[in-house]
Amino acid sequence: MQQRPPYLSIALISGAALAYEILLMRLFSIIQWHHFSYMIIGLALLGYGFSGTFVSIFQRWLTARFNYVYLSSLLLFGMTSVTSFMLSQILPFNAELILWDNHQVVYLVAIFLLLSLPFFFAATAICLAFMQYREQVSRIYAWDLAGAGLGSLSVIGLLFVVFPHNSLLVIGTLGLLSLLIASVEIRMKKFIPVLVMLGLGTAVLTLVAENLDLQMSSYKSLPQTLRIKGTEVIEQDSSPFGLISIVDSATIPFRHAPGLSLGSSEEPLPQLGVFTDGDNMTVITKAAEDPSQLAYLDQVTSALPYHLADPGSVLIVGAGGGTDILQALYHSTSVIDAVELNPRLIDIVGSRYRDFNGALYQRDGVNVHAGDVRGFLSQNKKKYDLIQLSLMDAFNASASGLYALNEDYLYTVEALKQYLDHVVPGGYLALTRWVKIPPRDTLKLFATAIDTLGMLGVDNPADRLALIRSWQTSTLLIKNGVFNDQEVHKIWEFSDSRSFDVAFAAGITPPKGGYNQLVEPWFQDGTASLLSEGRDRYLNNYKFDLEPATDDRPYFHHFTKWKTLPEIFRLRDRGGMQLIEWGYVVLVMTLLIAAVLSVVLITLPLLVLPRTPVEEKNAISRTRVVLYFLLIGIAFLFMEIALMQKFILFLHHPLYSFAVTLATFLVFAGLGSYLSAKLGHHYSRFTTLKGSITGIVLISLSYILMLDNLFMWLSVIPVFFKILLTIVLIAPLALLMGMPFPLALSTLAERAQALIPWAWGINGCASVISASLATLLAIHFGFSTVIMVAILLYACVVLVFPDPGQA
Amino acid sequence: MKVLNSRTGILASLLVAFAGAASAVSYAVDPTESARMELIKIIEQDVRQTSRELNKSELDPRVMQVMARVPRHEFVPAEEKPNAYENRPLPIGYGQTISQPYIVAIMTDMLNLKPDSKVLELGTGSGYQAAILGELAGEVYTIEIVEPLGLSAKERLQRLGYDNVTTKVGDGYYGWEEHAPFDAIIVTAAASHIPPPLIKQLKPGGRMVVPVGSRFMTQQLLRVDKGLDNKVVSKQIMPVLFVPVTGKH
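Note that the protein sequences, when read in sequence, are chains L and R. In terms of our numbering, the first sequence has 532 at position 532, counting the first letter as 1, and numbering is strictly consecutive. In terms of our numbering, the second sequence has 25 at position 25, counting the first letter as 1, and numbering is strictly consecutive.
Zero decoy hints are in this set.
To give an idea of the interface, some chain R residues facing chain L are shown, with a C-beta separation under 7 Å as derived from the structure:
1. R88
2. Y94
3. V146
4. S192
5. I194
6. R215
7. Q220
8. L222
9. V232
10. S234
11. P239
12. V240
13. P244
Hints listed in this document are in silico derivations from the structure and should not be mistaken for laboratory results. Yeah, the Cβ is synthetic: ideal placement off N, Cα and C, and Gly gets one too.
Only chain L is shown next, with the shape it has when bound in the complex (with noise of 0.2 Å):
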C-alpha cells in the first residue's frame, strides 16, 4: 500500500475525459443542431454516477483485481471514446419527430447510454484509484483535477489544428497512452496482458479510423443544399468557433437575400454559401461590376436607417459573409467598422476569397475586427452614425427555441445601453431579427429598447422608437434624440415603397392592415401596450416571456412560460407543435431525468452497502455523506458556472474566457486539494473544512458586491491583462473550493472505505444536476442569484460534514 499511486495516468485519464466532453459538444453541434445534444451529453456525464453505483456493488472484486481493472477500464476509455460515438452515429436519431414518433425516445435513450460509457470507464479508473490508494485521495483527486484543466485547455488548442472527427482519435488514444503509462506506474510484472491490451485497443482504434466520418443530419442545410447538382464544398476551415464550409453552386445560384421585399424586382449578386457546422447561412458576394447590382440590399427592412439621414459612419456587429458592409457601401458610407467573433471568417472573407469579392475588406474605410462587439467598444471611444445588429441566428433555429439555452450578452439592457453610448447624438441603432408568430423576438427587444432608455434617463421613449416589419424580419431603430416629423414621414415612405408595414413610429401607432397583414395586429398592439401604464399587465398576459434580458440574466432567446406550457403540449397535434421551444423543455427534460436516475444510482448500492453496527459509537452517518457529497458537488459547479459568465463579461469572448476560468477553476482546486492534506498535518479536516468554507462565503460574496464595479472599471484595460486578472481572482476561490471534497474522502477513507466509490457516484450525479440546474435558475433569476445560491449551500456543508467530531 506504500506503492505510489498512479497520477500521470489519473491525470491523463480525467484530462481526456473532459477533453472529450468539450469534443462532444463540438461534434454533436456538427451533426445535430437540436437541443438534444445538450441532453445527451449531459445525461452522458452520468457514467459518473454510474461508475460509483458500480464500485459500490463489485467493490470486492474489482479492488481484489486492481491492476487488471485498472488497465481495462482505461483501454475501454480509449476504444469507446471513438466507438460509441460512431455507433451513435449509426441511430437514425431525429429530434423534430421525437413527439410524432416514439422510437426516437429509443434512440435518444440509446446514443445516450452509449455515450455514457467512456464517462463509465474514466470514473471507474479514477475511483478504483482512490480506494486502492486511500491514504492519498487528496493527491489523487490533486492530479485529477489538474489534469481536467489542462484537458481543457488542450482540446480547445486541439481544435484549432485538427478537424473535430480527427481529434476523437486523439482522445482514444490518450485512452492507450493513459494504459502504457500506467502499466508503469503500477509496476505490472507481466508485460503479454499489457500488450494484448494495446494491440487491441490500437487495432480497434485503426479500424475505427478508416470509416470515422460524421454523419451530418440530412435536414441540416448544408447536406439538404449538396443535393442539389453542380453546388459542391470547396474549402473546409475547423476550428473551435466551428466547422466553416464554403460551398460553390456552379448551376442555381444561392440567391441568399433573407427578408427580400415582395415588391422588389432586383435579384441577388453570385454568391458563395458560408456555412457554419453545416447550417446558418451566411454569404460571400461576388464583386459587382456596377454598384446597382446591390440595389437588392435596399429591399430589406435594414436598409431603412441609410434612408432617414445619411451616416457617414456605421459599426457593424457579425459582418458574417460581409453582406451587411456590402449594404453599407452600397449606401455610400465612407468610415465602416466591423466586428466578427470568428477571426477564421474574417481570414476567409477577407484574404482567402478576396479575389472573388472584389477585396471587400481592403476597401477604404472598411475595417473588420476580431471579436466580441462589447469588448471592443468598451476599448474604443470612438462613435457611429449607425450601428447595426442584423440577423444574427438562422431562422428555423431561432423559430424553435434552439438558442433557448444559449447566453447572449447582443440583447441585453446593458449591451443595448452601451451600444447607445457609442452612437452620436442623432444616429440610430438599429436591430434586424426574423418575425415569428406570434411575436416574440420583435416585441422582446422592443420591451428592452424601452428599459435601456429608461436606464438613460429618457423620459419619454416612444419618441425614439420606431419599428417596421415585412413577412419575415423587423427592424427596430432607437435614435439618439427624438424622431423628427421629415424622419417620421421617411419612414413611412420607406416602408410603403418597399411593401413593409411599420408597427410604430416615433408614438404613432398606425392601424391594422397593411401589405403584411395578421390574425391581429399583434405588432402594433404589443408596442402600444408596452408603451403604455399597462405594460405589466400585458407582460403579464403575453403567453411568451417578453421580460428583457439583462447581463445577469443573459437569456434574449428564452421565450417559454410555464403556465403556456400546458395548452402547447394540448396544441401538439393540432399543429401547434412549432409553438414548442425546445431548448427550455430539453432543459427541464435533462433535470428530471438526471433527478430520477440520479435517485436511483444513489440508492442502489445502499442495498449491498454494509450496514452500520447501530451501537458502533461514532459511526460515519449515511444521511451526513449523502447530503454531504450532494451539496458540494452542486455549490462547487453553481459557482464555476456562474463565475464563468461573469468573466465572460469581462472578456468578452465566449471561447476564450471559456477556457481560461475553466482550466484556472480546476487546476487550483486541485491545487487546494493537494494542500487540505498538508494542513491536514497541523489541523483537523473539519477546522480545515470551516476555514476553508469560511473563506469561500467570504470571497464569493465580495464578488458578488464588487465584481460589477471591478469590471466596470477596468473594461478599458488590454486583454492580456483581463485574463491575468482573471486567474488571480478565480485562483484563492478555487483552491478553496477544492478543499471540501478531498477532506471527507479522506475520512471516509480512514474510517468507512466502502462508502469511497458511494460519495464519487453521488459527487458524479450532483455535478449532473447542477449544470441543467444552474441554467434554469440563471434563466429565471440571474446569475448572481445562482452564486447566492451556492454560498448557502457551501455554509450549509459545514452542518453535515460526515465526521465532525474528529479529533
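Once you have looked at the hints, place chain R on chain L.
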C-alpha cells in the same frame, strides 16, 4: 388522439399489405379507404378547432373529397407505409418530407382552386401535393430541384395516372415562364425570400401559399394575394388556434 393514430396506422399497414392481393381479385372497395376516412375526420376536427385563424370552420368539400381519394401510401417510402395515414409529416429521404395531411389540406384550400385553374408548385418532393392539386385543378406544373426526387415523383405521378401534372427537375426561382401566368402558386421548397419572378407569374387575383418553418414543423402559412390592381398583400396564418395574449389589454 395518439392511441387512435397508432391504431389507424396498424390498420392501414395491414390493409396496405393486403392491397395487392385484394386488387387482384378486383374488389370494389379500396382497402386503404377506411384509414383515409379516419384521417379526414381528424383533419375536419383540427380545422374546426382552428377556425378562428383560418377564418372558416370547414374546408372546401372538394378539397376534403380529394384528400379522401389520393392514396398517400403510394407517396411514402416502404418503411413509412404503416404510418401513411397518420396525421403527421413523414421523411421521404434526401432530407425531405411529405407534409402533414392537415397542413396539405389547409394549404390546398387556401389556393382557392377551380377545375380550370393553372397551378405552379415549387418543390415536388414525393409528388403528393401535386397529385392533390392535379385532382382539383386543370393543369399543374411542378418543379423539383433534387434530381432523384423529381424523377421518382414523375414516374409515380405517371403511374398513378395524373396526366394533367407536368414535372420538371431544375431551378424554380424563375417559375415556369412558358406556362405562366398561374392562378395559384405553392412554394414548398425552402428559400431565403419569395422569388420576385414568381410574383410576376401570378395572375392578377391569383394566390400564392408558402409554408414557413422546418421540414417537420410548419410555423406559419404565408398567403400572398395579388390584387386585380397587381397590388401584393401577404397574410400570415398560424396553423393552430393559439391566442398569444390572455385577458383584455
